[in-house]
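Asks: Line order of the protein sequences matches chains A and B. Here UniProt numbering is used: the first residue of the first sequence is 1, the next is one more, and so on. Here UniProt numbering is used: the first residue of the second sequence is 1, the next is one more, and so on.
Calculated from the structure, these hints are not laboratory results. Ideal Cβ positions, reconstructed from N, Cα and C, are used throughout, including at glycine. Mixed in with the good hints there might be a few duds.
Computed, partial: chain B to chain A, Cβ under 7 angstroms [unchecked claim]:
| # | residue |
| --- | --- |
| 1 | 72 |
| 2 | 223 |
| 3 | 307 |
Protein chains: 2
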Amino acid sequence: MSQLPARIEIREEGPREGFQFERGPIATADKLRLIQALAGTGLKRIQTVSFVDPRRVPGMADAEMVCQGLRDVDGVAFGALWLNAKGFLRALVAPHLTIDGSVSVSASEVFGKRNQNRDREEDLAAAAALMALYAEHRVPFARATIMAAFGCNFQGEVPVAAVIDRIAAVLALAGGVGLAPPVISLADTMAWATPRRISAVVGAVRDKWPDLELSLHLHDTRGMAMVNAWEGMRLGVARFDAAIAGLGGCPFGKHAGAAGNICTEDLALLCAESGIETGLDLEALMACGRLAEEVVGHPLPGRAKQGGLLAV
Amino acid sequence: MSQLPARIEIREEGPREGFQFERGPIATADKLRLIQALAGTGLKRIQTVSFVDPRRVPGMADAEMVCQGLRDVDGVAFGALWLNAKGFLRALVAPHLTIDGSVSVSASEVFGKRNQNRDREEDLAAAAALMALYAEHRVPFARATIMAAFGCNFQGEVPVAAVIDRIAAVLALAGGVGLAPPVISLADTMAWATPRRISAVVGAVRDKWPDLELSLHLHDTRGMAMVNAWEGMRLGVARFDAAIAGLGGCPFGKHAGAAGNICTEDLALLCAESGIETGLDLEALMACGRLAEEVVGHPLPGRAKQGGLLAV
Chain A
1 MSQLPARIEI REEGPREGFQ FERGPIATAD KLRLIQALAG TGLKRIQTVS
51 FVDPRRVPGM ADAEMVCQGL RDVDGVAFGA LWLNAKGFLR ALVAPHLTID
101 GSVSVSASEV FGKRNQNRDR EEDLAAAAAL MALYAEHRVP FARATIMAAF
151 GCNFQGEVPV AAVIDRIAAV LALAGGVGLA PPVISLADTM AWATPRRISA
201 VVGAVRDKWP DLELSLHLHD TRGMAMVNAW EGMRLGVARF DAAIAGLGGC
251 PFGKHAGAAG NICTEDLALL CAESGIETGL DLEALMACGR LAEEVVGHPL
301 PGRAKQGGLL AV
Chain B
1 MSQLPARIEI REEGPREGFQ FERGPIATAD KLRLIQALAG TGLKRIQTVS
51 FVDPRRVPGM ADAEMVCQGL RDVDGVAFGA LWLNAKGFLR ALVAPHLTID
101 GSVSVSASEV FGKRNQNRDR EEDLAAAAAL MALYAEHRVP FARATIMAAF
151 GCNFQGEVPV AAVIDRIAAV LALAGGVGLA PPVISLADTM AWATPRRISA
201 VVGAVRDKWP DLELSLHLHD TRGMAMVNAW EGMRLGVARF DAAIAGLGGC
251 PFGKHAGAAG NICTEDLALL CAESGIETGL DLEALMACGR LAEEVVGHPL
301 PGRAKQGGLL AV
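Take these sequences, add in the hints, and give me the full structure.
Replies: Spelled out as structure tokens, the structure:
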């Protein structure tokens, strides 16, 4: 286990992932209640909303209202997701957000078409357009997400070479407009990852770009999220997205069953008991996990919020 | 990953674990429906019932009726659990069972008192009495379970030395009556295991007894079962207990939340996608997972039964 990192950073995706995926309407005030509770757990980065088309993702129709309701917390960055210039410009004028530039491209062309109706070239062109905007607005280019990096419900296996190709294309585009390489988030959008696939993809990316910072975005649809995260940590990956209580899922991924992200508090507990620092308050996270269930009105898949801390 | 076994054996504990732990009464016919479905998945060993005091474990009051209803399946051994001579003698006369001798001792004395009302010496004396019966009845001594091998909700940390001490005591007793060393099942009865604890305990046992066959019995109460199983497999452990759909839990463990075993179909899926043979039919297992939910009348924690096989 020699490569286990001393510390990892968990980026909270629960509000963004969960409120896009849940079927029932969730009151803006309830979203804010969960977000502010999360801001008291030691999380440094909380993804709050997506600026996307409310006709496609009705749960995000109140994105501006959520931002208006945020209360700043010292040391906590509230973030947002957007996938095109229009979304970025909405985010730019929303209050209380930390605006870090990000792009998402799909390693599976078929999924790219389903998710954003973009083929490979259109996918890159959209990323390039966003990067140009980041350069123009002097917004740091923080993160590039490679979606479907471990497999795809529509295409099937995604070759490691396709992931490498997408990263290379993003890095070339970034260099072209004078932007430094961002964190590369390898997203298991449709829960195809296994330890073996994690090892293959992370290993290939590391071989080609030893200095790139990697992050993993994992879903637990098939029960593999924790074991995949562990494999990532064994390989030295020190950045993870996670969602409180295991909220979330991509609305366009054709998932069966619960499709949530790796559960923040379960991952934090694994780290705490493995000597890996997260800076998180586990008791406060467990309470947030239970609050998330109250807010969405049904049980959520995370285990530790009930199974609990070890206390004698 | 060099020690990953080429093949593991999964022993199904779902009926025994689940029917002891579920609150609602489950009809004998429904138990049998699930057991026979499991017998069609490639599982070679299915624990069906416990011969225990029905006043303490009401869900097992129909143990004899379940056995009478079993239909033999080629290549499948139906097993049972007992914790004392009375239970063993009930099992001996029940039809359709494969009678393998087993004993259970607790690495935590406090848990031993709660579970069986036995202190350390009484715990060993009960094991010795069973071994004498196995020798007398020419029943193979197949398995010794070390309960609470990774920690205890009552005692807290369980020192590795306590696990070693219990194994040494069992092996000495077995040798004393001419029985060969059994498989040692390290049971995470109260879900304290983490990869680090798995590594510490398995490593210490291996150091002392390189040739002992080890098995892991893991609970997912805190979301760690899969990562613990993976760590076990990385260390070369090739025997695992598991429960269909993640059924189960010890009635005397003071668990919060769902306390089920590692989920059979999730573990089998991890193995299938990691190149580790299980001999199991994944589609049939997923169907059994859904049947288990139907039989107990509520959702069960396993993920793959809904999240599904990868099919494009």
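Asks: Can the hint on residue 223 of chain B be confirmed by a CB-to-CB distance to chain A that is less than 7 angstroms?
Replies: Residue 223 of chain B check passes; min Cβ-Cβ to chain A is 3 angstroms, inside 7 angstroms.
Asks: Per the CB criterion, is residue 307 of chain B less than 7 angstroms away from chain A?
Replies: Status holds, d = 4 angstroms.
Asks: Does the closest beta carbon of chain A sit nearer than 7 angstroms to the beta carbon of residue 72 of chain B?
Replies: 32 angstroms, violated
The structure does not agree with numbered hint 1 stated previously, though it agrees with all others.
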